[in-house]
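Here the protein sequences line up with chains A and B, keeping their order.
At position 133 of the first sequence the residue is numbered 135 (our numbering), and the sequence of numbers has no breaks.
At position 58 of the second sequence the residue is numbered 312 (our numbering), and the sequence of numbers has no breaks.
Treat the hints with caution; some may be incorrect.
Stated by the list, open to error - Calculated from the model, a selection of chain A residues having no Cβ within reach of chain B, i.e. all distances over 12 Å:
#, residue
1, Arg12
2, His19
3, Gly44
4, Gly129
5, Val154
6, Glu159
7, Thr175
Said to hold, decoys possible - Partial list, computed: chain A residues near chain B (C-beta under 10 Å):
#, residue
8, Arg5
9, Pro21
10, Ala31
11, Trp47
12, Leu109
13, Ala119
14, Ala123
15, Ser152
I should point out that these hints are in silico values taken from the structure, not numbers from a laboratory.
The beta carbon of each residue, even a glycine, is placed where N, CA and C say it ideally should be.
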Amino acid sequence: MNREQAVYRRVLRRETHSPRTGAAVVLAAVLALLLLVALGLGMWWLAAPGVRETLGERLGQATSWADGAPLTAVGIVALVLGLVLVLAAVLPGRLRRRARSTDRVALLVDDGVLADAVVAAVAVRCGLDARQVSATVGRRRTTVRLTPTSGVPVDREAATDTASATLGAVGFTTAQRVLVAERGVI
Amino acid sequence: MSSTWRWSNRALLLVCGLLLVAAGGAAVLLGAPSRYTGALAPAERASSAARWSEAWAAGLPDVAGLPGAQAAALAAAVVLLVLLLVFLRTRGGGRTPTVVRLEAQDGRTTVDQGVARALLADPLAERADVLSARTGVHRVKGAPAICLTVIVRRGADLAGVLAAAEAALADWDELAGVRVPVLVHLADRRWRDGLHARTRVR
Chain A
3 MNREQAVYRR VLRRETHSPR TGAAVVLAAV LALLLLVALG LGMWWLAAPG VRETLGERLG
63 QATSWADGAP LTAVGIVALV LGLVLVLAAV LPGRLRRRAR STDRVALLVD DGVLADAVVA
123 AVAVRCGLDA RQVSATVGRR RTTVRLTPTS GVPVDREAAT DTASATLGAV GFTTAQRVLV
183 AERGVI
Chain B
255 MSSTWRWSNR ALLLVCGLLL VAAGGAAVLL GAPSRYTGAL APAERASSAA RWSEAWAAGL
315 PDVAGLPGAQ AAALAAAVVL LVLLLVFLRT RGGGRTPTVV RLEAQDGRTT VDQGVARALL
375 ADPLAERADV LSARTGVHRV KGAPAICLTV IVRRGADLAG VLAAAEAALA DWDELAGVRV
435 PVLVHLADRR WRDGLHARTR VR
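Given only the sequences and the hints, what does the whole structure look like? Please build it.
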């Protein structure tokens, strides 16, 4: 593997998975803010001995309610938040994109872009308005939903072939599924 | 394409998540009625752990007139705060304004990313089925790489857009004289792209 292909492999791996930077930055900012507040209170505590009693009393008042049901509620919230963070850390976080590299470029296409292209191509091929066609491009399968015009049959095979050709034109392949609504529209 | 160390994002999330799970679990056990947690006896365990930590803190030597535990807590908070600020400062780096840098005996030639934008993004942005195109340059594996992001209109001819990008890239290769890795990203419209007209009028 030459250097360029190694770069493409690395870049495509990074661009198809969530970096979790947003969540990590928010978490780090909140932690830094809490630490700053704690440091400020700590310095105040150390610098002004008369403040210790006041702070101790207020801390006692603030924590006195944390017993029984409130403590359980806070614990459940912390548990759920912790589980969300753990899942964010360990799940791969695949983005809805697909990627490939050619001799010269690395290509990254959002699934939504492919779905729009499939909708436009199928609508033209089947003689439907674009609003009568919808498509979902998944990791392994593309699903096309057609709502025919009342009294006019749609060619399911043509829709399948068109969807396949549209994806193939940019070098991607998936299994196709075409669903035709039982009731048409005018 | 930023050079952020992604493992550090996930490591921070994992450590904080595990701490929250542990703290939340302890709070639930302590707050639950004892008939549900009798076998676990959390109160006894918590008080024995508190006694042990108090004894350990009392054994720490004083620092500059401060009790050892308070000095240690202060130092730990300062170190943690500095680490968090470094973490925040280092997110999303890796951009570079220079696409090509050629060193010779009698001098150095650099190509600014504005040239890449003019050659790669501008021709694509003029297409009727393209909403916008932009370039970004990042350092990947120690060398610049170009990210060409193209936001296409609904139902655009993707193969045509890709062919146009490759044609623009051929011009770029000829001009630059060196191969720079290029990522072509055909991207979904952003929320503000919904404000554009559905078709381009000339």
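#### Entry: Separation of glycine 129 (chain A) from chain B, once the least beta-carbon distance is taken, above 12 Å
Non-interface label stands for glycine 129 (chain A): nearest chain B Cβ at 15 Å, farther than 12 Å.
### Task
Just double-check histidine 19 (chain A) for me: nearest Cβ-Cβ distance to chain B has to come out over 12 Å.
Incorrect as stated: the minimum Cβ-Cβ distance to chain B is 8 Å, not above 12 Å.
#### Entry: Interface restraint verdict for alanine 119 (chain A) against chain B (beta-carbon cut-off 10 Å)
holds, 5 Å
#### Entry: Proposed interface contact between proline 21 (chain A) and chain B, which counts if any beta carbon pair is under 10 Å
holds, 5 Å
### Message
At 12 Å, judged by beta carbons, does glycine 44 (chain A) keep clear of chain B as stated?
### Response
violated, 6 Å
### Message
The output says glutamate 159 (chain A) does not contact chain B. Does that hold with a beta carbon cutoff of 12 Å?
### Response
holds, 22 Å
### Query
Does valine 154 (chain A) sit more than 12 Å from chain B, CB to CB?
holds, 22 Å
### Message
Please verify that the nearest CB of chain B lies beyond 12 Å from threonine 175 (chain A)'s CB.
### Response
holds, 14 Å
### Query
Hey, does arginine 12 (chain A) actually stay past 12 Å from chain B on C-beta?
At roughly 6 Å from the nearest Cβ of chain B, arginine 12 (chain A) sits no farther out than 12 Å, so the non-interface label is violated.
### Task
Grab the minimum C-beta distance from arginine 5 (chain A) to chain B and call the hint holds if it beats 10 Å, violated otherwise.
Result: holds, 7 Å to nearest chain B Cβ.
### chain B contact restraint on leucine 109 (chain A) - CB to CB distance below 10 Å
holds, 5 Å
### Task
Using Cβ atoms only, decide whether alanine 31 (chain A) comes closer than 10 Å to chain B, and label the hint accordingly.
With a closest approach of 7 Å, the alanine 31 (chain A) hint holds.
Consistency with the previously given hints fails for numbers 1, 2, 3, 15, ordered from lowest to highest.
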